[in-house]
Amino acid sequence: SSLAGIMLLEVFLVLGTVIIYFLLSRKREETLPFREGWWGKGQKPDAEEDTTIRPFKVETTEEELNDLFRRLDQARFTEPLENSCFHYGTNSVYLRKVVSYWRKQFSWKKQVEVLNKYPQFKTKIQGIDIHFVHVKPPHLPEGQSAKPLLMVHGWPGSFYEFYKIIPLLTDPASHGLGDEHIFEVICPSIPGYGFSEAPHKTGFNSVSAASVFYELMLRLGFNEFYAQGGDWGWLICTNLAQIAPNHVKGLHLNLASVTNMGFRHLLSILLGRYLPGLFGFQDEDVRQMFPFLKKVVYRTLLESGYAHIQATKPDTVGCGLNDSPVGLAAYILEKFSTWTDVEFHNLEDGGLERKFNLDDLLTNIMIYWVSGSIVSSMRFYKENLQNGIGTQKHERLTVQVPTGIASFPNEVIHTPQAWAQKKYTNIVSFHFMPRGGHFAALEEPELLAQDILQFVGKVEKEQLWRKK
Amino acid sequence: ETILSRIRSFEYSQKNAVLVPVTALGVGGVLVYWLRCRHKIKTIEMGDGWWGSGERPLKGQEDESIRPFKIETSDKEIEDLHRRLEQARFAPPLEGAAFHYGFNSNYLQKVVAYWRNQFNWRKQVEVLNKYPHFLTTIEGIDIHFIHVKPSYVPHGRAVQPLLMVHGWPGSFYEFYKIIPLLTEPAGHGLNEGDVVFEVICPSIPGYGFSEAPHQKGFDTIATARIFHKLMNRLGFKKYYLQGGDWGSRITTDMAQMLPQSVKGLHLNLIFVSRQGLKRMISVMLGAYVPWLVGLTREDAQRMYPFIQKNIYELLRESGYLHIQATKPDTAGCGLNDSPVGLAAYILEKFSTWTDKSFLHRDDGGLESKYSLDELLTNVMIYWVTSSIVSSMRYYKENISKDPGLTANARIGVHVPTGIAAFPQEIVHTPHAWAKEIFRNIITYSYMPRGGHFAAFEEPKLLAQDIMEFVRKVEKL
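Protein chains in written order, with the UniProt record's numbering: chain A, 1 to 468; chain B, 1 to 476.
Calculated from the structure, these hints are not laboratory results.
One thing to keep in mind: the hints can contain errors.
Claimed, not checked - Once the Cα atoms are required to be at most 30 Å apart in a straight line, the calculated DSSO-like pairs of lysine-lysine come out as:
(1) B/K356 with A/K201
(2) B/K149 with B/K472
(3) B/K401 with A/K294
(4) A/K335 with B/K401
(5) B/K401 with A/K295
(6) A/K97 with B/K216
(7) A/K335 with B/K216
(8) B/K356 with A/K41
(9) B/K76 with A/K97
(10) A/K294 with B/K278
(11) B/K369 with B/K70
None of these values were measured; they are calculated from a predicted model.
Working from the sequences, and respecting the hints, build out all of it.
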């Protein structure tokens, strides 16, 4: 009977451990609370906030142009080391060519007109002016309504990154894509980026941005909408889906990072190369992630210097970039090179013009320059990362909203579906894209648009019989 | 008996006769070699290098002349600077941020106003030129240095040659206040016995007026070798070394490269490995029983709470190191084009590395320890020489090879060493840990106050410690 007693005790112990394990490991399905805030200058006034939506146009002046030209003319360059290509950062020999084009051929006036071809607006939310582009479909077939789609950019990008993909989504039929789903697209600028006012108070992080954009969509009259994002847009849209799961019909991401790593992840890193099936890794996952040390650890260390300094001393590093357009260009262009294809750092020109044209690259840079927003854009890193990665509450919460992930081969971080689905518990589509890097919307708009469309197609089919 | 067997027997006996002495010689030789090896101090390879542009010339001797040099400026240079200061664009800081987000731009505007309206670069150039400057070509690049001899040496006193090496974001100018204390101690209230120095302060290649290397791979070993060649060219066979920041790395390399030339090594910052199981245990125990692991109370106070001070704070302060060790050309580009950006970047270090509590102050506490004139003069050296990018490349060249930046532990440092541990230095290394690499520590001093830029901030304290160290070494 003592033996039976011991056995019973053992059973209880095992059961107890299993239960405790499950309790601890099960991610709670609570929602992320909406974050109230007031980010304006000084004290919050007692009066009601102005909630009007005002049309906005990008403008420029002769003075602004002359100031830019003067700075470009007086630029001081440092000769690169012999045979260094882009290994030490942006190669100044190539940079000189870019600056020469910028000074002599690039027409900011013309680009301003390009920017203004889509309707832009500003509205005050939580004390700051939020800038956004709002494009409605040019024509809608009988009986069909446009689906609202919020697209959020990242760093060092801007709303301008979406200018090529917008027509594919608002008017897919004219671009050879099926017109079963037509969107009206809203591209806001993250507060502190471009024409959105920068927060004046500390603490404005991704949850704050998600809350602000949630208010924006409600103010525009949208009760249900889709959200799409990469880079910071990935995090903001994820937070949005966590704050308002009943309003976000679907979440589409071209970057899906998982920051809450645990023992399971460690094990899969150690053994995943040899037993991929056991950890849910596909061939593409193994190809991109292993050898892990070289492809992930070293590469991350090599490429994350900017994140480290921006997460700790944004005002210092941004200061010179806000004063020297050439410095700003060097800093931003380096990302458009390496994050599009890591092999580009072996090229003397950083491979920039293989996938982008100088007009687009410089227009994006000019948005940072004319709005003087490089410093505030960098502060976003500190507000989100200063306590370390994996430390914030929202990183432990899951996402139940239907999610579609487009995994581009040259993306900076590769997240296997096996890892993503621990956080995004309702992945409706996960596709390996044939080509493309970090700036997917600008570099491969058709591929991204197609993936968004097929994702929305799946969600719409499911939504019809899975209404909550 | 055949001839063969006779030969065989002859060979056999001969073999015996030959074998024994040969074996004895062999064993004896190995013994002697082993004994010698044990006592012979290992050194790091000196190697060789060429840092000029293009191919190394095959023919001809390198020009070894030492040419006097004077820093110059022009109206054009000053007007260009003023124009850039006037057109500076500032981004307002967040409310209540002080220096927590980096250099506060409200205070920066005050600095820039002073720079534009009151700072006198021509006057500062005269200040810089008060010590004799020289240029000499070594391994294909021009090396700049100042060489200050005592103006008066009492009869019978020996003058000790002392090479002092700066770091980043400093320059030879950091030593301007300490030099007179070392060349003329008596005239400055110091009377440390028999010690008087002649001081040589070079600029690291790629910094200030030293030409920047044109080839990849220029690391502290190459610098150490070049500085040895410099001292040799100046006629010195044995000399003292002093350094902090990169200067500490370089002088330590010099001591490991040619110990016979180094009379003594004085450092105000040392890097030792913080890895390893033994180290981890020592750290954990040290919080409760410091004496058990060789830590003093002062050590404990400076090092704990360990995670806070050695991990969080280091991570918070090492963003610049990370980006400079990976993308120096990108990081430096804007700073070479915007003097205001350059000043913010450099002066942030002079704030936080002097006193960590300065982060909480709206003005970063800069003017409580330094004058704007001296801070801006250091910044101007980077500006007028356009050397910020090449100065940052030094991080990539060194850290990619050796992320820990620790001295070669296998070889160790055997020359007499003196360590001055300043309380506000970025990282504190206790004597117990330093001993593992520096096998011949003569002095280890806990300085009462001061931070990273010791020579600049507390010249008298540092000078006193150097003198005490050298006195002790001379007595050995």
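Hint-by-hint comparison with the structure:
1. B/K356 with A/K201: holds, 23 Å
2. B/K149 with B/K472: holds, 22 Å
3. B/K401 with A/K294: Distance of about 16 Å is within 30 Å: holds.
4. A/K335 with B/K401: holds, 24 Å
5. B/K401 with A/K295: Status holds; Cα separation ~18 Å.
6. A/K97 with B/K216: holds, 23 Å
7. A/K335 with B/K216: Holds - the C-alpha atoms of B/K216 and A/K335 are around 23 Å apart, at most 30 Å.
8. B/K356 with A/K41: Holds, because 29 Å separates the two Cα atoms, which is no more than 30 Å.
9. B/K76 with A/K97: Holds: B/K76 and A/K97 sit about 26 Å apart, inside 30 Å.
10. A/K294 with B/K278: holds, 28 Å
11. B/K369 with B/K70: Between B/K369 and B/K70 the Cα gap is close to 29 Å, so the pair holds against 30 Å.
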